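**Student:** Quick mapping for you: the protein sequence lines, in order, are chains A and B. For the first sequence, this note's numbering gives the first residue as 1, with consecutive numbering after it. For the second sequence, this note's numbering gives the first residue as 1, with consecutive numbering after it.
Hints in this document: simulated from the structure, not taken from any laboratory. Any given hint might turn out to be false.
As the list claims (entries may be wrong) - Examples of chain B residues toward chain A, derived with CB under 8 Å:
| id | residue |
| --- | --- |
| 1 | N55 |
| 2 | I59 |
| 3 | Q79 |
| 4 | S96 |
| 5 | I127 |
| 6 | P182 |
Said to hold, decoys possible - Below, computed lysine to any residue pairings styled on SDA-like, alpha-carbon distance capped at 25 Å:
| id | chain 1 | residue 1 | chain 2 | residue 2 |
| --- | --- | --- | --- | --- |
| 7 | A | K23 | A | Q190 |
| 8 | A | K70 | B | E219 |
| 9 | A | K16 | B | R83 |
Model, not experiment: these values are computed from the prediction. Glycine residues also receive a C-beta, built at the ideal position from the N, C-alpha and C atoms.
Residues per chain, in single letters:
There are 2 protein chains.
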Amino acid sequence: MDRSDFTEKKVVFEEKMSWLQEKLQQMGSLVEEAIANSIDALKRQDLELARAVINGDDIIDNLEHEIEEKILEVIATQQPMARDLRRVVTLFKMISDLERMADYATSISQITLRIADQPLIKPLVDIPRMAILSQKMVKQALDAYVREDVELAAAVGQDDDEVDKLFGQIFRELLTVMMENPKTITQATQLLFVGRWLERISDHATNIAEEVIFLVTGEKRNLNE
Amino acid sequence: MDRSDFTEKKVVFEEKMSWLQEKLQQMGSLVEEAIANSIDALKRQDLELARAVINGDDIIDNLEHEIEEKILEVIATQQPMARDLRRVVTLFKMISDLERMADYATSISQITLRIADQPLIKPLVDIPRMAILSQKMVKQALDAYVREDVELAAAVGQDDDEVDKLFGQIFRELLTVMMENPKTITQATQLLFVGRWLERISDHATNIAEEVIFLVTGEKRNLNE
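Okay, chain A solo, but in the shape it has when bound (with noise of 0.2 Å):
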């Protein structure tokens, strides 16, 4: 291969790798406000706003699919070498903890339909800044990705030190809640696993920044301890 041809390799790889990014930057998006719908409708209990989530899972799958197919199709195509064949597989790797990140919002829709024919036993304070934060993580692990910005990543680490913080107050207040009135055992316990999802959640924005960082640094850091 000679030198423009090489060139002009580079230049279809690059446009194929805009078209990628853009629709991780879209299927990101969808998730954030998935997250965001998730937390609105338990908070609120609108029902129809916690079917509308679950409904929007197909959605989001079928970008998954999308993406995954051109990433197959850029890969053989392309053959992409070392950094910009690591570059594709983060993105693939990418879509794989997004994809599971708005599983996570459809459970907490669920919970939302189960626990709808009675009042919330507390106003939620403390699971809609979980939801706050690990909606911010997936959109800076995904601003780091594009700007391959391993200072950005890093930084989502630290939000997920806080939402951990977070989990682990609610976790000894609900039990609180529990001990003193038996009877709110039932929806305390599907809180407590909105608690858990949104945990869940954060942790695949954390896997993003790691695989971001592996990707600019080389380095496998782990920002979850």
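Using the hints provided, position chain B relative to the given structure of chain A.
**Tutor:** Just chain B now, kept in the frame of chain A:
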């Protein structure tokens, strides 16, 4: 590329695939063992075994990275096309599922350490049952991949339904225990999480089974309903 080059390339590729599949089985065995040990440690409150599960997670993570690097090398040097590329990519996704399962086994062992200061509120029966089923699912899903056996993969989905049913049972039982005796709440919520993690483990086995079906038939089937 003439015919003999092509054949030679295919032979090299299949050699590398054999190596990868062997490593995959190795990783699968470690994950099955981690699941079994995590539940055994919980049941017998064996803290040493719980710690061994937690420490063993690094070995599984390292194996994942080793396989991942090899997969990238195979893609870069062998440039597999069409179905061979999909075989490699399926493997790539499977090791990520396996790694997540090991994380859940670690989470279960952390719970074992957390509730070590008091005896179990009840002998565990259904949780070990869930664990045995989950392990079987992992084994079958990997066998289905190696043999490209769609029927075996579909059977994994049936076991997943069984796991979900067991979890429903565990959930109702633990709620009753908590309501009757609020002193059990702290431990019972931890046991609820153990049930959830096992359910997630079986979901990941089901993911693998779905990936196998997609690889063999090109059909996206949802086994997890």
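**Student:** May I ask you to test the interface hint for I127 of chain B with respect to chain A, counting a Cβ-Cβ separation under 8 Å as satisfied?
**Tutor:** Interface hint status for I127 of chain B: violated (16 Å vs cutoff 8 Å).
**Student:** Grab the minimum C-beta distance from N55 of chain B to chain A and call the hint holds if it beats 8 Å, violated otherwise.
**Tutor:** This hint is violated: N55 of chain B lies away from chain A, its Cβ roughly 15 Å from the closest one there, beyond 8 Å.
**Student:** Does Q190 of chain A lie within 25 Å of K23 of chain A when you go C-alpha to C-alpha?
**Tutor:** violated (34 Å)
**Student:** Report holds or violated for the interface hint on P182 of chain B, using the least CB-CB distance to chain A and a cut-off of 8 Å.
**Tutor:** holds (5 Å)
**Student:** Let's test the interface hint: is any C-beta of chain A closer than 8 Å to that of I59 of chain B?
**Tutor:** Status violated, d = 15 Å.
**Student:** Please verify whether K16 of chain A and R83 of chain B have alpha carbons no more than 25 Å apart.
**Tutor:** Measuring from Cα to Cα gives roughly 22 Å; hence the hint holds.
**Student:** Is K70 of chain A close enough to E219 of chain B, meaning Cα to Cα at most 25 Å?
**Tutor:** Holds, because 17 Å separates the two Cα atoms, which is no more than 25 Å.
**Student:** Grab the minimum C-beta distance from Q79 of chain B to chain A and call the hint holds if it beats 8 Å, violated otherwise.
**Tutor:** Since chain A brings a Cβ to about 5 Å from Q79 of chain B, closer than 8 Å, the hint holds.
**Student:** Would the hint on S96 of chain B stand, with a C-beta cut-off of 8 Å toward chain A?
**Tutor:** The hint holds - S96 of chain B has a Cβ within 8 Å of chain A, the shortest such distance being about 7 Å.
In summary, the numbered hints that this structure violates are 1, 2, 5 and 7.
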